[in-house]
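Below are the chains, spelled out letter by letter.
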Amino acid sequence: MSANKGLLQEIKEYNWKFTMTPARKVLFLLAGLGVVCMIFRLAVGLGMTTNLSDKWPWGLWIGFDVLTGVALAGGGYGTAIIVHVLHRGKYHAIARSAMLTSLLGYILVMAGLFMDIGQWFNFWRPFVSWGHASVLFEVFWCVSCYTTVQVLEFGEVVTEKVGTKYHAMFKKALPVLMIIGIIFPTLHQSSLGALYLIMVDKLYPLWWSPYLGLLFLMSSFFVGPAMICVETALAGRAFKHEVPIHVLRGLVRISGVFMILYLGLKFFDLVNRGVFNLIFKGNLEGNLFLLEVVLGVMIPIFIAFSGYSNTRKGLITFGVLVSGGLIFNRMNVVFTGMSAAIGGWYFPSIMEWAVSIGLVAIGALVYCFAAENFNVLDHHEEHHHNATA
Amino acid sequence: MSKGVLVDITRCMGCKACQVACKQWNDLPSSNPAFKDGLTSPPDMDGYTYTTVQIEVIEKDNDYTMRSGKRQCMHCLHPACASACFAKALQRDPKTGAVVYYPHLCVGCRYCMLACPFDIPKYEWDKQFPLIAKCQFCFDPNGKYDRLGHGLGPACVDTCPTGALKFGERDELLKEAWQRINRDPKYIKKVMGEKEAGGTSWLYISDVPFENFSFRPNLGTRPLPEYSHDFLKWTPVIAVGWGTLLTALYHYTKRREKIAAEKDKNVHM
Numbered sequence: 001m002s003a004n005k006g007l008l009q010e011i012k013e014y015n016w017k018f019t020m021t022p023a024r025k026v027l028f029l030l031a032g033l034g035v036v037c038m039i040f041r042l043a044v045g046l047g048m049t050t051n052l053s054d055k056w057p058w059g060l061w062i063g064f065d066v067l068t069g070v071a072l073a074g075g076g077y078g079t080a081i082i083v084h085v086l087h088r089g090k091y092h093a094i095a096r097s098a099m100l101t102s103l104l105g106y107i108l109v110m111a112g113l114f115m116d117i118g119q120w121f122n123f124w125r126p127f128v129s130w131g132h133a134s135v136l137f138e139v140f141w142c143v144s145c146y147t148t149v150q151v152l153e154f155g156e157v158v159t160e161k162v163g164t165k166y167h168a169m170f171k172k173a174l175p176v177l178m179i180i181g182i183i184f185p186t187l188h189q190s191s192l193g194a195l196y197l198i199m200v201d202k203l204y205p206l207w208w209s210p211y212l213g214l215l216f217l218m219s220s221f222f223v224g225p226a227m228i229c230v231e232t233a234l235a236g237r238a239f240k241h242e243v244p245i246h247v248l249r250g251l252v253r254i255s256g257v258f259m260i261l262y263l264g265l266k267f268f269d270l271v272n273r274g275v276f277n278l279i280f281k282g283n284l285e286g287n288l289f290l291l292e293v294v295l296g297v298m299i300p301i302f303i304a305f306s307g308y309s310n311t312r313k314g315l316i317t318f319g320v321l322v323s324g325g326l327i328f329n330r331m332n333v334v335f336t337g338m339s340a341a342i343g344g345w346y347f348p349s350i351m352e353w354a355v356s357i358g359l360v361a362i363g364a365l366v367y368c369f370a371a372e373n374f375n376v377l378d379h380h381e382e383h384h385h386n387a388t389a
Numbered sequence: 001m002s003k004g005v006l007v008d009i010t011r012c013m014g015c016k017a018c019q020v021a022c023k024q025w026n027d028l029p030s031s032n033p034a035f036k037d038g039l040t041s042p043p044d045m046d047g048y049t050y051t052t053v054q055i056e057v058i059e060k061d062n063d064y065t066m067r068s069g070k071r072q073c074m075h076c077l078h079p080a081c082a083s084a085c086f087a088k089a090l091q092r093d094p095k096t097g098a099v100v101y102y103p104h105l106c107v108g109c110r111y112c113m114l115a116c117p118f119d120i121p122k123y124e125w126d127k128q129f130p131l132i133a134k135c136q137f138c139f140d141p142n143g144k145y146d147r148l149g150h151g152l153g154p155a156c157v158d159t160c161p162t163g164a165l166k167f168g169e170r171d172e173l174l175k176e177a178w179q180r181i182n183r184d185p186k187y188i189k190k191v192m193g194e195k196e197a198g199g200t201s202w203l204y205i206s207d208v209p210f211e212n213f214s215f216r217p218n219l220g221t222r223p224l225p226e227y228s229h230d231f232l233k234w235t236p237v238i239a240v241g242w243g244t245l246l247t248a249l250y251h252y253t254k255r256r257e258k259i260a261a262e263k264d265k266n267v268h269m
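Just so you know, the protein sequences line up as chains A and B, in that order. Per this note's numbering, residue 1 is the first one in the first sequence, and the count goes up by one each step. Per this note's numbering, residue 1 is the first one in the second sequence, and the count goes up by one each step.
This is chain A alone, in the form it adopts within the complex (with noise of 0.2 Å):
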């Protein structure tokens, strides 16, 4: 392609790819209800539309789309450490798909923000009136800031194809982009736990701690690789691309190792503030803990380091079961940890629903168009061949 040709030029005359299936038929349909479901709610606001009240100001979308979202994505900072600052070159295979599923987990996160958000019209304010005392403060300026940098990331994939000419800034331009969209995630990811430490009076002790937001950040880090596995499992079977076991094995042993420090330093704590006997009180509390710390951490620490691993069917396995414990977990600290202290009661309504899973659809299509266009599965550089292990 000529680099001489306009911009916009190349991006007509590229040839883009998209292909219908019915699988992608049923997405476009979810994802077309959750945009009219989005509209409407930015129409008449969130009374009519959602569940939420004064006891329960917070519901499905910041539990779902952003607590949990953010946390799924987190395979995109956790891959590029791996790859691209200790350059571990035999992961490179997954390192382009991992970060496109952070980028696009991101962009539905702030839409999801975006929805829930009363004053959405205000949602700038935070740049200039700085509540610099909030932690919240912090979540907004490090989501803001690596959703930007994650997009101009990206740009190196995309320039490969379109926009050729500026291929060469944004890969000179990358290991910076690279450290920087590390240390983002780093502070936010736990700022997200953090968020919950003014409510110590509210968030049952099973959950709330004074390392809230390193167990966050902690679990941010070992569900990227859970999220790997599932993820290439399905991209494996949509896009004939297999990942090799020894890589993904390789990823749920680290993953592994920081499970077992996680599950240490929340015993450390619980045992330290006096509350490790909550967990095996009988109450409601209690036994959604156990679930959560038994099937998300226990059962995957034991099938990371057992044969299990080498087998597709057990990589699977660990990826359902980390990503699922990890989404029961935020939910659990959304939910169950505070519905003792806030009490009455929250069921998220029909157009909650309709617009989390839209956002959901509109991420896979989107992933599919990128997968389908530019070099995000199949990725080799060169220069790793010869690093590979």
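Derived from the structure by calculation, the hints contain no laboratory data. There could be a bad hint or two in this list.
[Unchecked claim] Below 20 Å or equal to it, Euclidean Cα-Cα: the simulated EDC-like pairs (lysine to aspartate or glutamate) are: (1) A:K266 - B:D230; (2) B:K16 - B:D158; (3) B:K16 - B:D46; (4) B:K16 - B:D44; (5) B:K95 - B:E194; (6) B:K195 - B:E172; (7) B:K36 - B:D61; (8) A:K55 - B:D146; (9) A:K55 - B:D126; (10) A:K17 - A:E160; (11) A:K161 - A:E372; (12) B:K95 - B:E169; (13) A:K55 - B:D37; (14) A:K165 - A:E10; (15) A:K55 - B:D46; (16) A:K12 - A:E160; (17) B:K36 - B:E56; (18) B:K23 - B:D140; (19) A:K55 - A:E285; (20) A:K90 - B:D37; (21) B:K186 - B:D61; (22) A:K171 - A:E156; (23) A:K172 - B:D46; (24) A:K90 - B:E262; (25) B:K16 - B:D37; (26) A:K172 - A:E156; (27) B:K127 - B:D44; (28) B:K166 - B:E194; (29) B:K60 - B:D184; (30) B:K36 - A:D201; (31) A:K55 - B:E124; (32) A:K55 - B:D61; (33) B:K127 - A:D54; (34) B:K195 - A:D201; (35) A:K165 - A:E13.
Using the hints provided, position chain B relative to the given structure of chain A.
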């Protein structure tokens, strides 16, 4: 010297005149009365109600008795809501101690509602562009609803016919609260708001447990903004330290890889 109000539960007769005065002074819309198994109406504060008098039937000395207590924003000395707001839409006025809401700065994230240990901020859920609603201590920097700025007490206190509400300097009210408690054995030996959440401008004394009026039983005494600060103070250290470490690792591992490639052998790390 910051202002305060002393609420004496034993002197309140539950007439709700304060509730009406609040609505009138602040131009808040009225609604059809709604009760929650009892005489409290509306059942709780909401997007258009800054204060409610909670009327409760309480078991005391093998008998039933009725007590009422006015609830509204406590105007904390270290307000959790103001520290939680990432757009500075809630700020404590240092002169009066009033915690004031600035609607034009509000993004509508509702973090203040969750951060408040007294569950005070409410939301205008039915509006297209809803705002937070909470007692402003009749202090208004723009002047329209201002009373404190003119040296007047809040509308509710001025209306109270029994002296259950008393406006003044917080220090003096605290002294008076303990005088009343020490003079009369019926009082519980505690001033709600003296130390809770780091201290509040509104102070309560009572002869029945404060939990009857929806105060959390497990309220701590440490100012809540400190919890956030203990976390946020690490931000610059982590940003700089982590950034430096990553840059160093980047160059180190890259160089190692290059040397390994030159020697044409595999790298095991």
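Do the hints match the structure? See the list:
Straight-line distance between C-alpha atoms of A:K266 and B:D230 comes to about 19 Å, which keeps the hinted pair within the 20 Å bound. At most 20 Å may separate the alpha-carbon atoms for a hinted pair to count; B:K16 and B:D158 meet this at roughly 13 Å. The hinted pair formed by B:K16 and B:D46 meets the criterion: a straight-line CA distance of about 16 Å does not exceed 20 Å. Straight-line distance between C-alpha atoms of B:K16 and B:D44 comes to about 13 Å, which keeps the hinted pair within the 20 Å bound.
With a C-alpha separation of about 19 Å, the suggested pairing of B:K95 with B:E194 holds against the 20 Å cut-off. Restraint check for B:K195 and B:E172: the C-alpha separation of about 15 Å stays at or below 20 Å, so the hint holds. Between B:K36 and B:D61 the CA atoms are separated by roughly 25 Å; this puts the pair beyond 20 Å, and the hint is violated. Proximity of A:K55 to B:D146 is assessed by CA-CA distance (about 29 Å); at most 20 Å being required, the pair is judged violated.
Taking the CA atoms of A:K55 and B:D126, the gap is near 15 Å; set against the 20 Å cutoff, the hint holds. Among the hinted pairs, A:K17 with A:E160 is consistent with the structure: their alpha-carbon atoms are about 16 Å apart, no more than 20 Å. About 12 Å separates the Cα atoms of A:K161 and A:E372, which keeps this hinted pair within 20 Å; it holds. With a C-alpha separation of about 11 Å, the suggested pairing of B:K95 with B:E169 holds against the 20 Å cut-off.
As the CA atoms of A:K55 and B:D37 are separated by approximately 18 Å, the hinted pair is consistent with the 20 Å bound. A distance of roughly 11 Å separates the Cα atoms of A:K165 and A:E10; the hinted pair therefore holds under the 20 Å criterion. Of the supplied pair hints, the one linking A:K55 and B:D46 holds, its CA atoms being roughly 10 Å apart against a limit of 20 Å. For the given pair, A:K12 sits about 16 Å from A:E160 by alpha-carbon distance, which is consistent with the 20 Å threshold.
Between B:K36 and B:E56, the direct Cα distance comes to roughly 11 Å. Compliance with the 20 Å bound is thereby established for this hinted pair. As the CA atoms of B:K23 and B:D140 are separated by approximately 15 Å, the hinted pair is consistent with the 20 Å bound. Of the pairs offered as hints, the one joining A:K55 and A:E285 holds, with about 19 Å between alpha carbons and a cut-off of 20 Å not exceeded. Straight-line distance between C-alpha atoms of A:K90 and B:D37 comes to about 66 Å, which puts the hinted pair past the 20 Å bound.
With a C-alpha separation of about 12 Å, the suggested pairing of B:K186 with B:D61 holds against the 20 Å cut-off. For the given pair, A:K171 sits about 6 Å from A:E156 by alpha-carbon distance, which is consistent with the 20 Å threshold. With a C-alpha separation of about 55 Å, the suggested pair A:K172 and B:D46 falls outside the 20 Å cut-off, and the hint is violated. The hinted pair formed by A:K90 and B:E262 meets the criterion: a straight-line CA distance of about 18 Å does not exceed 20 Å.
Restraint check: the Cα-Cα separation between B:K16 and B:D37 comes to about 17 Å, which is no more than 20 Å; the hinted pair holds. At roughly 9 Å between alpha-carbon atoms, A:K172 and A:E156 fall within 20 Å of each other, so this suggested pair holds. Taking the CA atoms of B:K127 and B:D44, the gap is about 19 Å. The hint holds against a cut of 20 Å. Straight-line distance between C-alpha atoms of B:K166 and B:E194 comes to about 16 Å, which keeps the hinted pair within the 20 Å bound.
The suggested pairing of B:K60 with B:D184 holds, with an alpha-carbon distance near 17 Å, which does not exceed 20 Å. Taken as a hint, the B:K36 and A:D201 pair is broken in the structure, with Cα atoms around 25 Å apart against an allowance of 20 Å. Proximity of A:K55 to B:E124 is assessed by CA-CA distance (about 13 Å); at most 20 Å being required, the pair is judged to hold. In summary, the hint linking A:K55 to B:D61 is not supported, as the alpha carbons are separated by about 33 Å, beyond the 20 Å threshold.
Between B:K127 and A:D54 the CA atoms are separated by roughly 14 Å; this keeps the pair inside 20 Å, and the hint holds. As the CA atoms of B:K195 and A:D201 are separated by approximately 15 Å, the hinted pair is consistent with the 20 Å bound. Simply put, A:K165 and A:E13 have alpha-carbon atoms about 15 Å apart, close enough for the 20 Å limit, and the pair holds.
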